[in-house]
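There are 2 protein chains.
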Amino acid sequence: MKTKARVLVNGIGTVGKRIAHAIKLQSDMELVGIADVAPTPTLKTVLEPKGFLYGTRLYASNDQGYENLKKAGMWVEGKLEDLLRNGAVDIVIDAAPEGIGALNKQLYQKYGVKAIFQGGEKADVAEMSFNAIVNYEEALGKNYVRVPSCNTTGLIRSLSAIDFNFEIEYGFIALVRRSVDPHEYKKGPINAIEFDLHVPSHHAPDVKTVLKHLNLFSLAVKVPTTLSHVHIVDLLVKRETSYEEVLKAFENQTRVITLSAKEYPATSVVIEKFRDYLRPRYDVYELIIFKDLINVDGKRIRYVQQVHQEAIIVPENVDAVRAMLELEKNKWESIRKTNESLGIIK
Amino acid sequence: MKTKARVLVNGIGTVGKRIAHAIKLQSDMELVGIADVAPTPTLKTVLEPKGFLYGTRLYASNDQGYENLKKAGMWVEGKLEDLLRNGAVDIVIDAAPEGIGALNKQLYQKYGVKAIFQGGEKADVAEMSFNAIVNYEEALGKNYVRVPSCNTTGLIRSLSAIDFNFEIEYGFIALVRRSVDPHEYKKGPINAIEFDLHVPSHHAPDVKTVLKHLNLFSLAVKVPTTLSHVHIVDLLVKRETSYEEVLKAFENQTRVITLSAKEYPATSVVIEKFRDYLRPRYDVYELIIFKDLINVDGKRIRYVQQVHQEAIIVPENVDAVRAMLELEKNKWESIRKTNESLGIIK
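Note that the protein sequences, when read in sequence, are chains A and B.
By this note's numbering, the letter at position 141 of the first sequence is numbered 456, and the numbering carries on one by one without gaps.
By this note's numbering, the letter at position 46 of the second sequence is numbered 361, and the numbering carries on one by one without gaps.
To be clear, the hints were calculated from the coordinates, so they are not data collected in a lab.
Be a bit skeptical, because a hint or two may be false.
[What the hints assert, rightly or not] Calculated cross-link-like contacts (lysine-lysine; reagent style BS3-like; alpha-carbon spacing at most 30 Å):
hint	chain 1	residue 1	chain 2	residue 2
1	B	Lys501	A	Lys502
2	A	Lys588	A	Lys652
3	A	Lys588	B	Lys501
4	A	Lys501	A	Lys386
5	A	Lys502	B	Lys588
6	A	Lys501	B	Lys588
7	B	Lys437	A	Lys606
8	A	Lys502	A	Lys588
Given only the sequences and the hints, what does the whole structure look like? Please build it.
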């Protein structure tokens, strides 16, 4: 493909707006439009002259959405279906709310348009679940690909580094999840620790949609904070190793940063660092692993990591576009381009 | 000992006021007094006519404390040292702030008075660390005993049940700690998950002060809630077992209650239950294990438990008094008395 890939993002929420922004920053992609169904404050803000999607064409995801957006006085170019029918889109990145992506798929299939789904959808919505480091090559030319959730993506980054170097025999993950995102004020525990009723929580099985051979178990709770998830991990690996080897494995992994918990003793201090970096929306695309919370004892590896739930999946979506449209066959080259465009530290 | 045991509680904070209250409820003990160093709102409230320690004699823990309490117009009977010199106290329960107990010990030793210390003190402050279920008999006649912290006490209750029935080969515990107690408003993370910089956290080693043979590791974080701690546990045991067997092991353990997380999906809902029971200060002396969050797979046992940090150590302190003064040589008889007096469910 010589010309730029024509990408549309359907659903401009927490994830969709970030992906649309990231697509705009790629030299081999063009954001041909965004689509949504309602005139939310977010949608209005990002399309304002000061908004980071200003000038992007807005489409309605469906007929009702068209009425909603028109009624609110927003400038709507037309309906998504018409755009797809006209062959104006190479790939849709679907960031609609959980479960809606699977419904939208019928539309994409009808017009033979490729699509990327997010972690809120079940794994079987797509041909494969994607992580740039683990299975970029497998996604080359695929039509339907799913990028797993933030927690899963964070776990895959660290677990794949350990598994590649030491082979994981068994892993247990306790997830301490942020309850809601910063803008959500109507739900979530206020002064409580809420239990995830799934045993295991969906995270360990979801990691296995990418790292298929791993023997993992996870349990999760939600806590009253909005900034980040934290994972507490205990791994048994097949060969004895050392702190230095494990630290090196993490430091060699792209999109993983190691920090000292002595210097960054809470998730909020890490977030402050990325506000000071002037990252747009303080997005942390990198997985943070705390080097002074890593413990290695023979075949046991324990560590603690932080996942910025709003942002970590953004680079994976960009790489998935490149793989599915075969814009770039070499995964490291795609990762390099994505990392540079987003200012990812390593 | 035919007459009632004469008990004094030194330090009327979160833990001390509860223990003093519990001592008043024992038919074989007499609360001869409480001691403190400052006219805190808590101290004043519990001694008011409506307070649950109304009528209890107040002593000053030291000379400066005597001045402080006098100056505030509180009725002080005298100094703790004079009381100890006169042989008026059989045992002091020291609930002074972390580290102060070790300093106070010199005073208790000087007058040959037995003492119980709390989990904030290092294990070597006492001859042994105590848990009624595990080592009551070992405490018979001892002079200095330490009751480990709330987290440790909760872990000991569930781990001892599993170890007794299935033998623990290895255990990993992820602790999700409440940041502060309800009345503390000046510290703790507000919107963050704070890392415990100790690797392992002190909890696994502290459990081993009582369950000495266990192979355990723990990591901890603090979250913005005041109601309870939550522990996420992964155990490898020596023989294959089943969900039913594990549930039975927990249900057979005293001071452990199993609830459904479907019915009680957050720590706050459990606390609400005990408010509805009209427990004084909604104290939950029992360890809560969520039966629908238990997972058993061969030799692997995973579960999630809730610890009410303010109250769980209270019954252990009462039993420690009985053991150290040999008021009761049979541990189950002491546990029964304590449970009945406090309304502990089982």
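Here's how the hints hold up against the structure:
no. : hint                : in the structure
1   : Lys501/B - Lys502/A : 25 Å, holds
2   : Lys588/A - Lys652/A : 24 Å, holds
3   : Lys588/A - Lys501/B : 24 Å, holds
4   : Lys501/A - Lys386/A : 26 Å, holds
5   : Lys502/A - Lys588/B : 21 Å, holds
6   : Lys501/A - Lys588/B : 24 Å, holds
7   : Lys437/B - Lys606/A : 27 Å, holds
8   : Lys502/A - Lys588/A : 27 Å, holds
Of the numbered hints given earlier, the model fails none.
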